[in-house]
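Colleague: Chain order of the listed sequences is A and R.
Under my numbering, the first sequence is numbered contiguously, ending at residue 495.
Under my numbering, the second sequence is numbered contiguously, ending at residue 549.
Because the hints were derived from the structure by calculation, they are not lab data.
A hint or two may mislead.
[As the list claims (entries may be wrong)] Covered, in the sense of this in silico footprint (three residues per stretch, anywhere, with C-beta under 8 Å from a C-beta of chain R), are these stretches of chain A:
id, region
1, 272-283
2, 286-292
3, 347-360
4, 365-379
Quick caveat: nothing in here was measured; it's all calculated off a predicted structure.
The C-beta atom is built at its ideal place from N, Cα and C for all residues, glycine as well.
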Amino acid sequence: MSAAAASSDASSSGSPGDSGTEGHLPPFVDRRDGYASVTKEVSDAVLERRPGRLWWLLLAFGGALTLLMLVSIAWLFYAGVGIWGVNTEVVWGFAIANYVWWIGIGNAGTLISSLLLLTRQKWRSSINRFAEAMTLFAAAIAGVFPIIHLGRPYLFYWLIPYPDVMEAWPQFKSPLVWDLWAILSYLIFSLLFWYTGAIPDFATLRDRAKGRIAQLAYGSLALGWRGSAHHWARYERYYWAMAAMGVPLVVSVHSVVGLDFAASLMPGWAETVFPPYFVVGAMFSGFAMVVTLAVPIRHALGLHDLITPRHFEAMAKIMVLGATVMGWSYLIEWFAAWYSGDIYERGLVVYEFVGDYWPLYWIMLFCNVLASQVFWFRPARYSIALIFVVSILVNLGMWLERLLIVINTLSHGFLPANWQTYAPTFWDVALLLGTLGFFFTLFLLLARFVPVVSMHEMRELVREEGAGR
Amino acid sequence: MIRPLTLAAGLALLVLAAFLDLSLALRGLLFAWAFCLGPALGALALLLTHGLTGGRWGDALRPTFAAFTATLPWLALVAVVPAFFLGSLYGWPHGLEERPGVGTYWLNEPLFLARAALSLGFLAALALFLPAGRRAGVGVSAVGLVLYVVAVTVVALDWLMPLDPKWVSTTYPALVAVQTILEALALAALFRAATEPAVAEDLGGLLLAALLAVVYLAFMQYLVMWYSNLPEKVAWYAAREAGFWPVLPVLAFLAGGLVPFLVLLPRASRRDPGTLAVMGGLVLLGVLLHLAWMVLPAGPGGWVLLPAAGGGLLVLGGLALALPTGHRQREAKRGAHGAHDA
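Just chain A, with the same shape it has in the complex:
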């Protein structure tokens, strides 16, 4: 830890409660920018610039992976879960690990966006729009996994309570049913939250679009927004209320995911810390994904004036906070296993470190805890390349963590005679890569048709930072 490096910005006087600027630190927006240049920079990326060859190439790549996803799912439906690496002991494999990873990324967008709004962190304006879109896509992808991991996925609607002649009723004590409600409510909420935030921007695009089709399309999405003071007053109150509802909702969704594990008797899973720990993990991995996406988006769309080094500095600080909390959680987990005196709990921790999957566990610890510690040093927080690399490591580490939570416990249960290891098959990997490609494709389309940065919030920021001068 560098006290010297950290104390160099100790004199910063900024506070989220006032203007959002910090003494000698560079600003979040270039104050020479006016409203017009912000609007132009963002909307031109959608309306004026034609997609280049690179965009088409990337879309083809993403499309091919999306096809792989569809083929994997089709083959799964035809042949059954036997095509995966799951066995009689490790009944959850990639599917559930992927589910938790995607829903974690999906939780972060809304959590970041609404939490930063509620705590008046002005720098959110540049990243909240695509963080929310990320949420939407990731949550939708996540929702697919619990359904396809069912033995008979076409009967998934049995989870929904509906009146039928057989009087079959879902088991409301099952976390699987809680999952269904949590994900469904969350998807609806994320869509509304993202869409509400984009309405004034759709109106801007409507007014600037030249083609008739674009005018009609953006005009319909803008819902007749005129930008009157009346509209803005209503809008602000509504958006704020949604953000306030969003935080508890996000926390509840990932708590339910944590309970999928905690509501069991397996060693390492029946932990009371799992619900809050999964929420923190989601925020951590989601933040890393936001960084991973922000770097190429900034570069490709030329948004250097809007997503500044200050944004990356702020995100690096959150990553080091997250990594430290994760490290603390792991310590508590190991300590509690030892302290309980339970041979299964203790055995599992030893197995994590030296058992069948030990290299993965050590890599995970490096990625999740150690890698981000570099951000204690100020120069590291201003190196976008380094932040990008660490964010990818964190994404990898968090995926490994979810995989290891699943396979370590299931490979090392109560009966030594039943211990079995897990190895993924081609179709496990294909589905993971396929969903990544699908996510990538959706993002490419988003960047093409929707402003990736919130124009109206950036204009507000320009006014406030300008006025603060």
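Given chain A, put chain R in place with the hints provided.
Modeller: For chain R alone, coordinates are given in the frame of chain A:
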């Protein structure tokens, strides 16, 4: 000023309780100590957090929080009393037989005392050296907060969790830590530390957030243990189901959780220091009841707990209240002199 009569009455109750049943008296005193330590620990976390994030709430509330933390060194010294009777308090080595190594490497008197000296000593030093007059630096706050979390975790794991010898809950340290933050915020609200409506709104918002966090953690702990229904885990709740104990969490939830939550939801009531003070009082009562439920029913019960807890609260609460008054007065005097000189 602490009233000598209060102090004498509290001490008399404690001595009487100790004479009747030392183990129960110590548990009552431990509860009172944990409750009185809460605002100091919570305020320390809030000051360090403000050092990192800034914000008008911290600038306005710093004198109050600094006054709370000023009690920490004194309250840490009080830990010397139960430290002399660790065997009576926790009943070691009973309960450790089935947990190889735990008695040797963790739950024994020398190691316990070493950890207590380190963790409480560090927290007291942090409280003493953190600047009271200005916002702490970012570097000091960041490093301080990391070490703070470790120290508070050790305090929760050492002093409170082993009261039920076989029980482990991984979320328990977080629950204890967040509850101290809630206590500090509630006490600040009760003392009307925020006079401006905008600051009151911030304080109200933080109070709501901390309240939700405590209720969330407590409920998740319960839900997971209820769901798995493992004997050694549910035993903690089973011990708290006997007699009148179940009344405490219900009362704590209704009076200290639900009512303040509903009242503080509208923005107007968060901006009113008067309403905020009443709600702060209710939340504080809720924390008191919840903590009593967490600590007192551990192990054999008896009516002696009542005078012990009451006596402990009178003595330590009286001391804690007396200390910040003096501290605040000095602070205010310095501020007045400064203004006069200018």
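Colleague: Check the structure against each numbered hint from earlier and tell me which ones fail, lowest number first.
Modeller: Those not satisfied: there are none.
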